[in-house]
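Please dock the two separately framed chains into a single complex, following the hints provided.
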Amino acid sequence: NAGVTQTPKFQVLKTGQSMTLQCAQDMNHNSMYWYRQDPGMGLRLIYYSASEGTTDKGEVPNGYNVSRLNKREFSLRLESAAPSQTSVYFCASIPPSRGQGYTFGSGTRLTVV
Amino acid sequence: SQQGEEDPQALSIQEGENATMNCSYKTSINNLQWYRQNSGRGLVHLILIRSNEREKHSGRLRVTLDTSKKSSSLLITASRAADTASYFCATDSGAGSYQLTFGKGTKLSVIP
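Note that the protein sequences, when read in sequence, are chains B and Z.
Last residue of the first sequence: number 113 in the working numbering, and the count goes up by one each step with no gaps.
Last residue of the second sequence: number 1112 in the working numbering, and the count goes up by one each step with no gaps.
In short, the hints are calculated from the structure, not lab data.
Keep in mind that a hint or two might mislead.
As the list claims (entries may be wrong) - Each computed SDA-like pair below joins lysine to any residue, with the alpha-carbon atoms no more than 20 Å apart:
id : chain 1 : residue 1 : chain 2 : residue 2
1  : Z       : 1107      : B       : 37
2  : Z       : 1026      : B       : 45
3  : Z       : 1104      : B       : 44
4  : Z       : 1107      : B       : 14
5  : Z       : 1107      : B       : 106
6  : B       : 71        : B       : 96
7  : Z       : 1104      : B       : 37
8  : Z       : 1056      : B       : 100
9  : Z       : 1104      : Z       : 1011
10 : Z       : 1107      : Z       : 1041
11 : Z       : 1056      : B       : 99
12 : Z       : 1104      : B       : 45
13 : B       : 71        : Z       : 1099
14 : Z       : 1104      : B       : 38
15 : Z       : 1069      : Z       : 1094
16 : Z       : 1107      : Z       : 1044
17 : B       : 14        : B       : 86
18 : Z       : 1107      : B       : 44
19 : Z       : 1056      : B       : 98
20 : Z       : 1107      : Z       : 1078
21 : Z       : 1104      : B       : 84
22 : Z       : 1107      : B       : 41
23 : B       : 57        : Z       : 1095
24 : Z       : 1104      : B       : 14
25 : Z       : 1104      : B       : 59
26 : Z       : 1104      : B       : 41
27 : Z       : 1104      : B       : 40
28 : B       : 9         : B       : 111
29 : B       : 57        : B       : 20
Unchecked claim - Examples of chain Z residues toward chain B, derived with CB under 8 Å:
id : residue
30 : 1041
31 : 1042
32 : 1043
33 : 1045
34 : 1048
35 : 1049
36 : 1088
37 : 1092
38 : 1097
39 : 1098
40 : 1102
We put the CB at the ideal spot given by N, CA and C, even for glycine.
Chain Z with its partners taken away, still in its complex shape (with noise of 0.2 Å):
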């Protein structure tokens, strides 16, 4: 069963502006992780926040965490036409072994 959910499924925005992708999920968690995905590769961590953690950032990246609501942003500033993938939030439980249960993706399109 998904635990994250992504919103908006799909964003489309030009160069330069920001991106902001919401991700809600169900459960208490460990940790939460953002990955990106090129058309057709395989997915590539990005960020990583834990559930004691508020915000953290990884250059043009920002991820905000906030457990009481049970969701998480990912904001990138500055976008670039090479940003342009689909975004998966993840999430740890932190039971038993580790396995991570992603969400369905937001398709991110930068317009040059």
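The shape of chain B in the complex, shown without the other chains (with noise of 0.2 Å):
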């Protein structure tokens, strides 16, 4: 089925310790982004790839670093997981039309003790 594929859908962290979340999209698509879920929050943008090769900062970088290993891949890495990276971590992606919507992975549910 098209759309993204987010690894893993669950993950007990303890502080310190490192991960890497995979996102993989087959729909051709450029642009490519990770966001973090909180309650009450919303949605926040953590870093996105614009395109293939290219990455950029969203509002809560902090303690994270990403990879845009080819157009289907987007990874996110913690490398020093902390209690305030608790969170529910969604990739998106969409065409390069500005005239529609995200496609959004399925979620990966982190909790870091």
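Structure follows, in structure tokens:
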């Protein structure tokens, strides 16, 4: 099925551990995004990639790094997890036309203890 | 920072009634979009309205946009239990790369 696939769906980390959240889309979209969703806060943009080979910071980039491996894949890395990074993470993508909405993945629920 | 702010934060209605949610934003926009999120799931795009449009329909959804008041509303007619979800507005400022700024959402409960 065409769409955005995120792995893993759930993860528990200890403070200081590292991990990479994976995101892949098979719709030939150019732009990809990572958001986090916290209760009562809506979605906040962490990083985005307007096209293959480019990445830019969003509203809340501290503590994260990203890699746009190719046109399909955009990963988010936590180098040293902190409890404040407990959240639900969503990846999204969009085709070049600005007149269309985002396609979201189903999310990764991350708990840092 | 949040661009869109939805109102009310929560809404509970009976099946068959209409549901209206409002969104206010602060800066000029290229377009405004509405998304639905079922509990524990990703967001699903519902409808997009451009800054030069005033009203748009899609099935049981009706969206209005008033750029002079920097506000939008989403109307769901003849609601169903399956419409129970959180609804978010998101704005595209039109500047540079395409980024959406999301509001905090309205949680809609439709009681059978």
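Status of each hint after checking the structure:
1. Z:1107 / B:37: Judged against 20 Å, a Cα distance of about 15 Å means the pair holds.
2. Z:1026 / B:45: Answer holds: residue 1026 of chain Z to residue 45 of chain B is near 18 Å, not above 20 Å.
3. Z:1104 / B:44: holds (10 Å)
4. Z:1107 / B:14: Violated, at about 32 Å.
5. Z:1107 / B:106: holds (19 Å)
6. B:71 / B:96: With a Cα-Cα distance of about 13 Å, the restraint between residue 71 of chain B and residue 96 of chain B holds, given a limit of 20 Å.
7. Z:1104 / B:37: Roughly 10 Å between the alpha carbons, so the hint for residue 1104 of chain Z and residue 37 of chain B holds.
8. Z:1056 / B:100: holds (14 Å)
9. Z:1104 / Z:1011: holds (14 Å)
10. Z:1107 / Z:1041: The given pair, whose Cα atoms are some 14 Å apart, holds under the 20 Å limit.
11. Z:1056 / B:99: Between residue 1056 of chain Z and residue 99 of chain B the Cα gap is close to 14 Å, so the pair holds against 20 Å.
12. Z:1104 / B:45: The hint holds at about 13 Å.
13. B:71 / Z:1099: holds (18 Å)
14. Z:1104 / B:38: With a Cα-Cα distance of about 10 Å, the restraint between residue 1104 of chain Z and residue 38 of chain B holds, given a limit of 20 Å.
15. Z:1069 / Z:1094: holds (18 Å)
16. Z:1107 / Z:1044: holds (15 Å)
17. B:14 / B:86: Distance ~11 Å between residue 14 of chain B and residue 86 of chain B Cα, so the pair holds.
18. Z:1107 / B:44: Answer holds: residue 1107 of chain Z to residue 44 of chain B is near 18 Å, not above 20 Å.
19. Z:1056 / B:98: At roughly 17 Å apart (the allowed maximum being 20 Å), residue 98 of chain B and residue 1056 of chain Z satisfy the hint.
20. Z:1107 / Z:1078: holds (17 Å)
21. Z:1104 / B:84: Roughly 19 Å between the alpha carbons, so the hint for residue 1104 of chain Z and residue 84 of chain B holds.
22. Z:1107 / B:41: Measuring from Cα to Cα gives roughly 13 Å; hence the hint holds.
23. B:57 / Z:1095: holds (15 Å)
24. Z:1104 / B:14: violated (29 Å)
25. Z:1104 / B:59: holds (15 Å)
26. Z:1104 / B:41: Status holds; Cα separation ~5 Å.
27. Z:1104 / B:40: This hinted pair holds, its Cα atoms lying about 6 Å apart.
28. B:9 / B:111: Status holds; Cα separation ~11 Å.
29. B:57 / B:20: holds (17 Å)
30. 1041: holds (6 Å)
31. 1042: For residue 1042 of chain Z, the interface hint holds, since the closest Cβ of chain B sits about 4 Å away, which is under 8 Å.
32. 1043: Constraint on residue 1043 of chain Z satisfied, holds at 5 Å.
33. 1045: Where the cut-off is 8 Å and the nearest Cβ of chain B is about 3 Å from residue 1045 of chain Z, the hint holds.
34. 1048: For residue 1048 of chain Z, the interface hint holds, since the closest Cβ of chain B sits about 6 Å away, which is under 8 Å.
35. 1049: Violated: closest Cβ of chain B sits about 11 Å from residue 1049 of chain Z, beyond 8 Å.
36. 1088: Nearest chain B Cβ about 7 Å off; hint holds.
37. 1092: holds (7 Å)
38. 1097: The hint holds - residue 1097 of chain Z has a Cβ within 8 Å of chain B, the shortest such distance being about 4 Å.
39. 1098: At about 6 Å, which falls below the 8 Å cut-off, the nearest Cβ of chain B leaves the hint on residue 1098 of chain Z intact, so it holds.
40. 1102: Holds: closest Cβ of chain B sits about 4 Å from residue 1102 of chain Z, inside 8 Å.
In terms of the numbered hints stated before, the structure departs from hints 4, 24 and 35, listed from lowest to highest.
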